[in-house]
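Protein chains in written order, with the numbering used here: chain A, 1 to 150; chain B, 1 to 150; chain C, 1 to 150; chain D, 1 to 150.
By construction, these hints were calculated from the structure, which means they are not laboratory data.
It should be emphasised that the depicted structure is a prediction, and the values quoted were computed from it without experimental measurement.
Among the hints, erroneous ones may be present.
So, partial list: chain C residues that the calculated Cβ filter (under 7 angstroms) puts toward chain D [what the hints assert, rightly or not]: (1) PRO23; (2) LEU26; (3) LYS46; (4) HIS49; (5) THR58; (6) ASP62; (7) GLN64; (8) PHE65; (9) ALA67; (10) GLU70.
Derived pair list, reagent style DMTMM-like, types lysine to aspartate or glutamate, alpha-carbon separation capped at 25 angstroms [stated by the list, open to error]: (11) LYS46/C to GLU4/C; (12) LYS46/B to ASP113/C; (13) LYS46/A to ASP116/D; (14) LYS129/C to GLU70/C; (15) LYS83/A to GLU106/B; (16) LYS60/C to GLU106/D; (17) LYS129/B to GLU70/B; (18) LYS46/A to GLU70/C; (19) LYS129/A to GLU106/A; (20) LYS115/D to GLU70/B; (21) LYS60/B to ASP92/A; (22) LYS83/D to ASP113/D; (23) LYS115/C to GLU70/D; (24) LYS46/D to GLU4/C; (25) LYS46/B to ASP92/B.
Even glycine gets a Cβ: it sits at the ideal position worked out from N, Cα and C.
Protein chains: 4
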Amino acid sequence: MTFETSVQVRFAHVDPAGIVFYPRYLEMLNGAVEDWFALELGMDFKTLHLERRIGVPTVKLDVQFLAPSELGDQLTISVEPRKIGRSSCGLDVVFSGSGRERLRAEVVLVCMDLKDRRAIAWPRELGEKIERQVAAPRAPTALCTTVSPG
Amino acid sequence: MTFETSVQVRFAHVDPAGIVFYPRYLEMLNGAVEDWFALELGMDFKTLHLERRIGVPTVKLDVQFLAPSELGDQLTISVEPRKIGRSSCGLDVVFSGSGRERLRAEVVLVCMDLKDRRAIAWPRELGEKIERQVAAPRAPTALCTTVSPG
Amino acid sequence: MTFETSVQVRFAHVDPAGIVFYPRYLEMLNGAVEDWFALELGMDFKTLHLERRIGVPTVKLDVQFLAPSELGDQLTISVEPRKIGRSSCGLDVVFSGSGRERLRAEVVLVCMDLKDRRAIAWPRELGEKIERQVAAPRAPTALCTTVSPG
Amino acid sequence: MTFETSVQVRFAHVDPAGIVFYPRYLEMLNGAVEDWFALELGMDFKTLHLERRIGVPTVKLDVQFLAPSELGDQLTISVEPRKIGRSSCGLDVVFSGSGRERLRAEVVLVCMDLKDRRAIAWPRELGEKIERQVAAPRAPTALCTTVSPG
Chain A
1 MTFETSVQVR FAHVDPAGIV FYPRYLEMLN GAVEDWFALE LGMDFKTLHL
51 ERRIGVPTVK LDVQFLAPSE LGDQLTISVE PRKIGRSSCG LDVVFSGSGR
101 ERLRAEVVLV CMDLKDRRAI AWPRELGEKI ERQVAAPRAP TALCTTVSPG
Chain B
1 MTFETSVQVR FAHVDPAGIV FYPRYLEMLN GAVEDWFALE LGMDFKTLHL
51 ERRIGVPTVK LDVQFLAPSE LGDQLTISVE PRKIGRSSCG LDVVFSGSGR
101 ERLRAEVVLV CMDLKDRRAI AWPRELGEKI ERQVAAPRAP TALCTTVSPG
Chain C
1 MTFETSVQVR FAHVDPAGIV FYPRYLEMLN GAVEDWFALE LGMDFKTLHL
51 ERRIGVPTVK LDVQFLAPSE LGDQLTISVE PRKIGRSSCG LDVVFSGSGR
101 ERLRAEVVLV CMDLKDRRAI AWPRELGEKI ERQVAAPRAP TALCTTVSPG
Chain D
1 MTFETSVQVR FAHVDPAGIV FYPRYLEMLN GAVEDWFALE LGMDFKTLHL
51 ERRIGVPTVK LDVQFLAPSE LGDQLTISVE PRKIGRSSCG LDVVFSGSGR
101 ERLRAEVVLV CMDLKDRRAI AWPRELGEKI ERQVAAPRAP TALCTTVSPG
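Isolated chain A (complex conformation):
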């Protein structure tokens, strides 16, 4: 099951070459994962970090930058969980805009106890929700249907 959120390329994101500076893409990516937790898993980062004292640091990140993005571009970010382990979770993330993929990323998060910084098993309610999403058939992505012929 694919979650989608969107972001606009801001002045703050763009480098002297006129395109998004790639660490800013990764801030956007982190924001999309934050949205996925809050809106899809029902667990916002505030509750997760401050009340539950659980963090979800990224331990692996493979990114392909497929096309540059410019000031003002409207980007859609899709987040799709593809794998869940006892304390880890693999996500496929795609940034696209105007029918063109900009970035593809594979991200691995780990569920971590913030007190002693050790990996822990996913809390049951989170783990079950992620599992259901991994199992759900992938929707034909919006991208496939909105690519304009021109």
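Guided by the hints, dock chains B, C and D onto chain A, whose structure is given.
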């Protein structure tokens, strides 16, 4: 041949969980590549971008986050070119501190004409310098020799 | 006339002390000014910078940080032009959330030709729109009416 | 007494208009204050925040941006305490490069207990050191002597 630079973990780099927020690692990584160009290849980013009108965007990035870094940590960043193509360059980058690897990344840059945003062949003087570095035997890295037994 | 936009405090904005790191507030402030240009003045930053080759750098910034903001806070940012000169513009900006002001800023922007980096007069259509906003009576702000007695 | 540190303008600092994006200046400013605490007051931010559980948030910031800075510029940042209160401290900060002032800021910090986020009196050893610096005659700044005639 391995180039080394260093960076201190600043307040600005650290997230609410007390560890470096990973997009900040990638700003540091970009800074290390900037240093490598200026100090090892003799071509600073100002000259490259503003005079030569050449950019070197990152097109691929595979990162493993091996251990967290905290406020005040002194990190060494090593940059080692491992492959050069007509217009691309592959780098191995390692962040370490206190004898412990924090991050390993494989980065692919592309040489790009900033005017029309197309990949171009490396300017000869840059390409030759990178080639010589790829060919040079790897120094036994400082890391191997400074890892403390404790 | 007051323009309002909103922003959510993200993980990326928060420092190790658990509150918004102030340079991130200023990224949000810049984003609010960007929104004001696009939505209120009808001139998005892409058109302004890339087509018209005009920048609007900040030349003066007086900020009071009145109350800290935390992960997950929903903030409203109001932007009110209070003065316009030949090539400058003074803005009052207020961040608030849950009926409490977080930040008050006075910002002075200058209209700049990007080619030679000199201050220039506002393009007529922009200048006239800003003037009308400066002259318009201030709306009683939402804040005044939503402050809770407790 | 004036403390000086330096910073180079990086690719990450520069906006699409080719000059330092002002929130990045404020990250540099925060870094200079961090250096002042560590090197001049003998209290690094790690010890202060993590061991002593004391924060020093900025509560007031008045900045004038006097001249733009570009990729590659070497900037000197001077930090001069001008006033100390029970729990506050006023600093004058100046960024300069090539004999030209780029930015002048007046900054007010507050000493804060991180547990309950209340202002507290400066720990004695910090307060005394800041007081001695406020009282010390200002050195003729390096700037005065390095301004080139051209």
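So which of those numbered hints doesn't the model satisfy?
The structure conflicts with hints 3, 9, 10, 14, 17 and 24, although it agrees with all the remaining ones.
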